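Chemist: Below are the chains, spelled out letter by letter.
Protein chains: 2
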Amino acid sequence: MALIVQKYGGSSVADASSIKRVAKRVAEAKRAGNDVVVVVSAMGDTTDELIDLAQQVTPLPPQREMDILLTAGERISMSLLAMAIHNLGVDAKSFTGQQAGVITDETYGKARIIDVTPSRITDTLAEGSVAIVAGFQGVNPSTNDVTTLGRGGSDTTAVALAAALKADVCEIYTDVDGVFTADPRIVPSARKLDRVSYDEMLEMAASGAKVLMLRCVEYARRYHVPVHVRSSFSTHTGTLVTDQPREGEEVEQPIIAGVAHDRSEAKVTVVGVPDVPGKAARIFEVVAGSGVNIDMIVQNVSVAATGLTDISFTLPATDGAAATTALTEHQPDIGFRSLQYDDTIGKLSLVGAGMKSHPGVSARLFAALSDAGINIEMISTSEIRISVVTRADSLDDAVRAVHTAFDLDATEDEAVVYGGSGR
Amino acid sequence: MALIVQKYGGSSVADASSIKRVAKRVAEAKRAGNDVVVVVSAMGDTTDELIDLAQQVTPLPPQREMDILLTAGERISMSLLAMAIHNLGVDAKSFTGQQAGVITDETYGKARIIDVTPSRITDTLAEGSVAIVAGFQGVNPSTNDVTTLGRGGSDTTAVALAAALKADVCEIYTDVDGVFTADPRIVPSARKLDRVSYDEMLEMAASGAKVLMLRCVEYARRYHVPVHVRSSFSTHTGTLVTDQPREGEEVEQPIIAGVAHDRSEAKVTVVGVPDVPGKAARIFEVVAGSGVNIDMIVQNVSVAATGLTDISFTLPATDGAAATTALTEHQPDIGFRSLQYDDTIGKLSLVGAGMKSHPGVSARLFAALSDAGINIEMISTSEIRISVVTRADSLDDAVRAVHTAFDLDATEDEAVVYGGSGR
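Chains as they are written, first to last, in the UniProt record's numbering: chain A, 1 to 423; chain B, 1 to 423.
Bound conformation, chain A alone (with noise of 0.2 angstroms):
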């Protein structure tokens, strides 16, 4: 008998017949003789349809308000998808954040978990009964409010509680079979990943892999809690994000577990800074204080005869205005000449922790690029990934070449999987 969490996202529970289908799937689990703790998100674009009415009401809504009228989603699918378990003859109570022990801080919108003391769910898994839990939300002690966790909360709550009743797994079902090599819809031959590091799978996810929130994989590795990421819409074996190797396994691990990307981030260039000291860090200074934050940089080396350089960096698009706006008002005391901005560029990074002992990943991954005719723009590097900017029409055509250059392709067996995968 196992300590099973289960995460179901908004597409896994959209209709009352997706909760049914996800109930039987939740009664099957706990049949098997297992301790279930389900956490769910809002059914399908709840959420979204609650952003609506709040700005038809106003611009500017209050986050304290804002975040008790997102909570309303999560309580809606999680009362119904008890009642849908209760109907399979298996006992289910269904608890909010607040209810389950999930103490957040107070940044109504993103809070951030700081405890989690789930006695009720404890009590509720000894009395036999499923627990579910609605994700994305907590509670901020100090005034007893409700708080939402922000973008991939529901997952940070599944691996929160997992981590706080140590269950022997936490699964997370969304709508893939798992963790690819490369997304399956630009590479076709992309291959399911059977396990992938934490450190990896952290990696991956900061570089534009949407399987998992990054914070979630923070948390699963700070504690580690194995995270088995798998489709609801299969019974297929997903993908187990863990450090602990299977029994009889090859310690050798592969040298690259995937090729990411990310079309949603933009290139800034600010033109013409006085190459003296201190500039540079300015420049960062102030687009820090705009509450940004920077993903790579390169700087130009500078001219001799003008004493100017240029620096560029890349950033997420939606805080494009919010950058260029403090820059612009800076411009006098920094002294630069222009800025230009970009937001047509594509970001691939290959991800493995194979290749800090493998000489030769990097000279391989340009010529790969090269051969394919694709420029690169920028660079970043860290122990585990080579991350590097392309012009975004040419993005598809440089996973796929690397995809290939690493011997990551599947073969004709292998993408059954994917194929197979029931959506």
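Hints were generated in silico from the structure; no laboratory data involved.
Remember, it's a predicted structure, so these values are computed and weren't measured experimentally.
Glycine is no exception: its CB is placed at the ideal position from the N, C-alpha and C atoms.
There are no misleading hints in this set.
With a Cα cut of at most 30 angstroms, we get these calculated DSS-like pairs of lysine-lysine:
| hint | chain 1 | residue 1 | chain 2 | residue 2 |
| --- | --- | --- | --- | --- |
| 1 | A | Lys110 | A | Lys210 |
| 2 | B | Lys110 | A | Lys20 |
| 3 | B | Lys356 | B | Lys210 |
| 4 | B | Lys210 | B | Lys20 |
| 5 | A | Lys110 | B | Lys20 |
| 6 | B | Lys24 | B | Lys166 |
Residues on chain B that point at chain A, a partial pick, calculated with CB under 8 angstroms:
| hint | residue |
| --- | --- |
| 7 | Ile19 |
| 8 | Leu53 |
| 9 | Val57 |
| 10 | Thr58 |
| 11 | Ala72 |
| 12 | Arg75 |
| 13 | Ile76 |
| 14 | Leu80 |
| 15 | Met83 |
| 16 | Ala84 |
| 17 | Asn87 |
| 18 | Gln99 |
Only part of the chain A face toward chain B is listed, based on derived beta-carbon distances under 10 angstroms:
| hint | residue |
| --- | --- |
| 19 | Lys20 |
| 20 | Met43 |
| 21 | Leu60 |
| 22 | Pro61 |
| 23 | Glu74 |
| 24 | Asn87 |
| 25 | Thr96 |
| 26 | Gln99 |
| 27 | Asp145 |
Fit chain B to the known structure of chain A by using the hints.
Modeler: Just chain B now, with coordinates in the frame of chain A:
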């Protein structure tokens, strides 16, 4: 400066633009120097839509989960209203029933309020903010689970909060201009009442007047909360429900407050009951045992030759199946011959505190009905009410005839009040 509790029903907050209109009204009351607490129902048909979703998932939803589901509706409307008020430059904070201190028993689906401890509301008013409270819901303190108050629950929430806060008035906003001498859809010359006593309002609510629910009036009477029933679509003064005589007002009340009607009842006749002691009691024991409340009872004079009698009673038509099933099961031990069930009856009730001290009211009522050619099937009376059962299809004529006979018809000037309701 007064402390005002305002309650807005689902039709007053049906969409974003209605919510903005209510917000304007709340902001005006606040800017006029009052402390304002607003109780709000779920938007429009939200509750019905949620019930429908539940029924798609299971035919028999567990009541605890049903209450969690249904309370999502007020979370949405209360936070949107708080946002809309905030947008007008007035601070506003929304609270669930639990946060507002609405403590109930554990009867999910139709919980009774057992205490109200509104310290967060008092604090919010002291800060100078408007407090928005979810109607229809409370908390069961023994489990910390949410409960719903059943039909008319939001009105009851408002009156209970007004009592606990010692509010100067509880304003119930609805889609009509107040309490009328009869339903204006049936009697176009019905007049709006400026004031009505708790006792009269109780009898009218119990007799089918839908403007206020019975339990809300009971609560108001017990705690002496002045209730102002008025339209959210106009600024007209509505009807004040109170026992306090208005300053300078004549002590003498008008004889009759109004004519209520009810089409929701049915009549059961138990035919051929042995006319021996204890048989009637046994019949009503059986009906009560099936959870059904009966209203009027008539026992016919026994026919000496047979030693048998007929007993008729009325009950809510929705309870008809439960009552007749229970009686049929007990036919052997009660020993009646047959059951007749008739759901084509109507009930007319004449209500007025003045009738206690004015003889001849019933004579005048019966004469009016007789002159209009309407047959009376059953009669019951209280100190301030006379009710008669007629055929359903002659009920409207009966209401109009009685309204005219008791001089309740509006003059042309008064009639303008309803016509100008701006609906």
